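Colleague: Model the full structure from these sequences, guided by the hints.
Protein chains: 2
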Amino acid sequence: MKPGIPKGTRDFSSTEVARRNFIFNTIRYAFELHGFQPIETPSFENSSTLMGKYGEEGDRLIFKILNSGDYLNKVDNELLASKNSTKVTSKISEKALRYDLTVPFARYVVQHQNEITFPFKRYQIQPVWRADRPQKGRFREFYQCDADVVGSDSLWQEVEFVQLYDAVFSKLNVKGTTIKINNRKILSGIAEVIGAKDKLIDFTVALDKLDKIGKDGVIKEMLSKEISEEAIEKVQPLFDFTGSNTDKLASLKAMLSDSEEGLKGVEELTFVINHIAELGLQTATLELDVTLARGLNYYTGAIFEVAAPKEVKIGSIGGGGRYDDLTGIFGLKDVSGVGISFGLDRIYLVMDELGLFETVALPKPKVLFLNFDEDENLVKMKAINELRANGIKTELYPDVASSNNQQKKQWKYVDKRGIEFVVTSIKDGKFKFKNTQNREENDLTIKEIIKKVQ
Amino acid sequence: MKPGIPKGTRDFSSTEVARRNFIFNTIRYAFELHGFQPIETPSFENSSTLMGKYGEEGDRLIFKILNSGDYLNKVDNELLASKNSTKVTSKISEKALRYDLTVPFARYVVQHQNEITFPFKRYQIQPVWRADRPQKGRFREFYQCDADVVGSDSLWQEVEFVQLYDAVFSKLNVKGTTIKINNRKILSGIAEVIGAKDKLIDFTVALDKLDKIGKDGVIKEMLSKEISEEAIEKVQPLFDFTGSNTDKLASLKAMLSDSEEGLKGVEELTFVINHIAELGLQTATLELDVTLARGLNYYTGAIFEVAAPKEVKIGSIGGGGRYDDLTGIFGLKDVSGVGISFGLDRIYLVMDELGLFETVALPKPKVLFLNFDEDENLVKMKAINELRANGIKTELYPDVASSNNQQKKQWKYVDKRGIEFVVTSIKDGKFKFKNTQNREENDLTIKEIIKKVQ
Numbered sequence: 001m002k003p004g005i006p007k008g009t010r011d012f013s014s015t016e017v018a019r020r021n022f023i024f025n026t027i028r029y030a031f032e033l034h035g036f037q038p039i040e041t042p043s044f045e046n047s048s049t050l051m052g053k054y055g056e057e058g059d060r061l062i063f064k065i066l067n068s069g070d071y072l073n074k075v076d077n078e079l080l081a082s083k084n085s086t087k088v089t090s091k092i093s094e095k096a097l098r099y100d101l102t103v104p105f106a107r108y109v110v111q112h113q114n115e116i117t118f119p120f121k122r123y124q125i126q127p128v129w130r131a132d133r134p135q136k137g138r139f140r141e142f143y144q145c146d147a148d149v150v151g152s153d154s155l156w157q158e159v160e161f162v163q164l165y166d167a168v169f170s171k172l173n174v175k176g177t178t179i180k181i182n183n184r185k186i187l188s189g190i191a192e193v194i195g196a197k198d199k200l201i202d203f204t205v206a207l208d209k210l211d212k213i214g215k216d217g218v219i220k221e222m223l224s225k226e227i228s229e230e231a232i233e234k235v236q237p238l239f240d241f242t243g244s245n246t247d248k249l250a251s252l253k254a255m256l257s258d259s260e261e262g263l264k265g266v267e268e269l270t271f272v273i274n275h276i277a278e279l280g281l282q283t284a285t286l287e288l289d290v291t292l293a294r295g296l297n298y299y300t301g302a303i304f305e306v307a308a309p310k311e312v313k314i315g316s317i318g319g320g321g322r323y324d325d326l327t328g329i330f331g332l333k334d335v336s337g338v339g340i341s342f343g344l345d346r347i348y349l350v351m352d353e354l355g356l357f358e359t360v361a362l363p364k365p366k367v368l369f370l371n372f373d374e375d376e377n378l379v380k381m382k383a384i385n386e387l388r389a390n391g392i393k394t395e396l397y398p399d400v401a402s403s404n405n406q407q408k409k410q411w412k413y414v415d416k417r418g419i420e421f422v423v424t425s426i427k428d429g430k431f432k433f434k435n436t437q438n439r440e441e442n443d444l445t446i447k448e449i450i451k452k453v454q
Numbered sequence: 001m002k003p004g005i006p007k008g009t010r011d012f013s014s015t016e017v018a019r020r021n022f023i024f025n026t027i028r029y030a031f032e033l034h035g036f037q038p039i040e041t042p043s044f045e046n047s048s049t050l051m052g053k054y055g056e057e058g059d060r061l062i063f064k065i066l067n068s069g070d071y072l073n074k075v076d077n078e079l080l081a082s083k084n085s086t087k088v089t090s091k092i093s094e095k096a097l098r099y100d101l102t103v104p105f106a107r108y109v110v111q112h113q114n115e116i117t118f119p120f121k122r123y124q125i126q127p128v129w130r131a132d133r134p135q136k137g138r139f140r141e142f143y144q145c146d147a148d149v150v151g152s153d154s155l156w157q158e159v160e161f162v163q164l165y166d167a168v169f170s171k172l173n174v175k176g177t178t179i180k181i182n183n184r185k186i187l188s189g190i191a192e193v194i195g196a197k198d199k200l201i202d203f204t205v206a207l208d209k210l211d212k213i214g215k216d217g218v219i220k221e222m223l224s225k226e227i228s229e230e231a232i233e234k235v236q237p238l239f240d241f242t243g244s245n246t247d248k249l250a251s252l253k254a255m256l257s258d259s260e261e262g263l264k265g266v267e268e269l270t271f272v273i274n275h276i277a278e279l280g281l282q283t284a285t286l287e288l289d290v291t292l293a294r295g296l297n298y299y300t301g302a303i304f305e306v307a308a309p310k311e312v313k314i315g316s317i318g319g320g321g322r323y324d325d326l327t328g329i330f331g332l333k334d335v336s337g338v339g340i341s342f343g344l345d346r347i348y349l350v351m352d353e354l355g356l357f358e359t360v361a362l363p364k365p366k367v368l369f370l371n372f373d374e375d376e377n378l379v380k381m382k383a384i385n386e387l388r389a390n391g392i393k394t395e396l397y398p399d400v401a402s403s404n405n406q407q408k409k410q411w412k413y414v415d416k417r418g419i420e421f422v423v424t425s426i427k428d429g430k431f432k433f434k435n436t437q438n439r440e441e442n443d444l445t446i447k448e449i450i451k452k453v454q
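Quick note, the sequences are listed as chains F and V, same order.
What the first sequence shows, in full-length UniProt numbering, is residues 1 to 454, in sequence order.
What the second sequence shows, in full-length UniProt numbering, is residues 1 to 454, in sequence order.
For the record, the hints were derived by calculation from the structure and aren't laboratory data.
You may find that some hints are simply not true.
[Said to hold, decoys possible] Heads up, simulated DSS-like pairs for lysine-lysine below, C-alpha to C-alpha not over 25 Å straight-line:
hint: 1; chain 1: V; residue 1: K427; chain 2: V; residue 2: K412
hint: 2; chain 1: V; residue 1: K253; chain 2: V; residue 2: K197
hint: 3; chain 1: V; residue 1: K253; chain 2: F; residue 2: K74
hint: 4; chain 1: F; residue 1: K83; chain 2: V; residue 2: K91
Owing to the predicted nature of the structure, the values given are computational and were not obtained by experimental measurement.
Modeller: Here you go:
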């Protein structure tokens with residue numbers, strides 16, 4: 001039997017865990033610095049909590065858990081004979097694995113509304129599961145890192161989230177990210193202006209290709225999607241949508257002058273963009289991107305997406321936005337929310353490609369005591385305890401070497417794990433201490449070793 | 001629709017997450033200090049990896065994941081009509097949630113044997129799932145914290161694990177734990193001496209009641225289990241099994257003098273007990289407990305179990321032992337392993353009962369800037385950025401207060417979250433800074449605030 005794991009899942013080696021934890025810890029630190037509090041929810045929820053929240057496609061991608069015991073006993077014979085998998089599922093499965101962190105969070109807020117102090121700034125770093133077709137950078141089990149505020153519609157939150165993205169990526173040394181921002185109300189304004197709400201997606205998809213196929217190409221595509229020439233004429237400014245964010249805002253303001261909602265969107269964006277300009281960012285750039293339309297049916301205000309530094313070809317490494325009725329699905333109305341998410345796996349790939357993991361300390365002992373003579377071990381173990389009491393990661397090689405070959409094996413272990421300091425033997429109450437980097441050897445007391453290593 | 005979660009699962013509030021992380025971080029720190037490296041494995045494994053590894057009862061308690069898509073399509077009609085849940089399961093479910101960390105670890109070692117440097121000291125802190133009947137302290141989703149060494153049969157590992165238990169519980173301030181130790185070979189020796197291997201469990205179960213029902217009661221129970229009077233006579237010393245570990249070892253040595261395996265067990269225990277006596281423990285006590293028989297069919301050498309301090313009535317808070325053929329089930333023979341586990345939920349209950357969470361810092365901002373005047377917010381946000389750059393958790397209350405009532409709401413928020421320092425307003429370039437503990441108020445510059453807070 002050759003052991004393996006399900007496709008789309010991964011084992012993580014010590015090095016990978018250390019690197020992932022470096023990212024997690026950086027995000028967690030920034031979340032807490034910005035006033036977010038952690039919560040955790042169960043890995044599986046009642047199916048009724050999840051089903052129907054992510055559309056038909058989402059329902060299909062949710063991993064369902066089989067009921068325990070004699071689960072077929074109560075299923076109707078006829079239904080079973082029909083072999084209708086979807087209908088049978090609802091009879092034999094009551095629980096399902098979390099698909100994202102947003103729906104469980106909404107459920108949490110409603111369920112615990114009396115214990116929560118609003119506005120509630122929560123963060124959550126947990127895995128989610130999707131029965132998606134695995135491909136490069138897409139897995140069936142992966143982590144999401146979400147921060148959301150519920151119970152406040154202050155635009156200062158949007159300002160803070162831009163700063164939070166900048167803070168995390170700067171701390172990770174991922175320089176040159178682009179934080180794209182848009183507003184659902186601007187998209188609605190454009191829909192109003194072109195006179196066809198149902199064409200909005202076609203419109204933004206076409207507009208998004210401006211860089212690639214040019215103005216003429218975009219207009220051609222729009223016409224083919226039955227967007228009228230008249231409508232296209234009205235949004236003319238979008239085809240020369242370059243320049244600073246301020247230029248873009250001015251151009252939008254003029255274009256959307258007939259749409260109340262559109263102008264509200266411009267006003268909101270102006271607030272965020274101007275305040276960020278005042279406050280400054282460390283390494284990121286904030287860019288108004290009117291083609292940004294992720295989760296169109298979901299967001300009601302700001303929409304965010306973070307693009308990796310230009311030298312790395314990869315999709316977005318984060319995203320989010322404002323949604324005005326997160327908890328409505330669970331019966332708590334009028335709670336506004338806004339949040340962002342970090343894509344751990346994509347960030348990992350970016351950092352790996354940029355060589356940013358070199359400084360991440362690997363989980364290995366700082367000092368290894370070799371085990372060449374059983375009679376020395378008790379004294380060595382006492383010394384090891386002293387090093388550990390001083391916070392120094394220390395190990396005794398477990399098995400005693402009774403031959404030259406076995407001694408070589410221990411030196412190989414030192415080499416393979418890249419251990420910096422080694423104690424070989426004891427002489428006259430002093431330890432033979434070797435620096436494997438510069439090959440320096442000294443006879444030291446335990447106090448001297450501690451000093452040298454720290 | 002009233003939202004809820006599946007029975008046996010839990011939501012964790014910020015306070016609970018902070019406390020749990022305090023325990024996790026303490027364990028993780030000690031694991032790394034003692035030379036263990038982290039790995040992580042997927043939440044679900046192929047069913048074939050897990051099924052049959054935990055006995056019939058275990059198989060029943062494993063959560064199975066339904067195949068995706070039209071999973072009923074390929075199932076034989078007749079089989080389906082038979083409504084045999086167990087047989088149908090193997091046709092409609094190929095994956096299952098991890099039941100413990102040991103089997104996935106064994107699978108990991110075999111799968112990655114060529115990348116691993118042996119002896120391999122790994123730790124793993126991840127949740128596991130069991131479809132058990134939920135009760136106090138028993139959940140369907142819970143964390144295990146395991147440290148194991150594979151590829152070494154040195155008894156120094158056993159010594160180290162006793163020290164590791166002591167290090168973790170001392171660091172957690174859980175004083176007065178009892179680390180019970182036994183050895184499977186001693187149990188085998190006893191079985192040999194009483195001439196009935198199949199009676200070993202009955203024997204140890206009865207012996208375990210010595211404290212409660214006295215010598216006569218125990219003998220009566222043994223006789224009722226058809227353990228012969230002659231056998232009972234032979235193990236007479238076990239009925240007066242008090243005194244120091246050294247006394248107990250001497251008594252075992254005499255009693256098991258005819259059993260080679262038993263004597264080997266005594267020798268191994270002597271090694272661990274004597275070395276721990278030399279090295280000393282911080283707050284735990286090591287106690288030879290010959291009735292300790294957990295996982296009898298699994299362990300081959302040392303057996304560990306940790307009892308909580310006597311003032312807390314709760315089961316074991318950790319356990320482990322040596323198993324000589326962990327990876328054999330996956331085709332890699334002759335790899336000896338030894339490991340221990342920490343029971344997070346039980347430890348949490350113990351610490352809660354002993355009031356040991358008081359010092360755990362809650363995830364809340366150190367400084368809150370109240371939001372009474374929108375015109376002040378940009379200057380406040382600049383100040384907040386400076387505080388954050390100095391590592392001080394700081395927040396701006398999101399929504400501006402435009403009435404007395406809304407100002408009160410902000411003060412209530414300060415109170416509810418127990419925030420220590422508050423900035424109310426700005427005057428002549430200085431911040432009105434209030435210490436909510438001693439009610440002291442000062443007009444300070446941002447540099448002065450940083451100094452005061454740090």
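Colleague: For the pair supplied as a hint, V/K427 and V/K412, confirm whether the alpha-carbon distance does not exceed 25 Å.
Modeller: At roughly 24 Å apart (the allowed maximum being 25 Å), V/K412 and V/K427 satisfy the hint.
Colleague: Within a Cα-Cα threshold of 25 Å, do V/K253 and V/K197 meet the stated pairing?
Modeller: OK: V/K253 and V/K197 at ~19 Å, within 25 Å.
Colleague: Is V/K253 close enough to F/K74, meaning Cα to Cα at most 25 Å?
Modeller: 59 Å, violated
Colleague: Going straight from one Cα to the other, do F/K83 and V/K91 come out at no more than 25 Å?
Modeller: Distance of about 13 Å is within 25 Å: holds.
Going through the hint list in order, the structure does not satisfy hint 3, though it satisfies all others.
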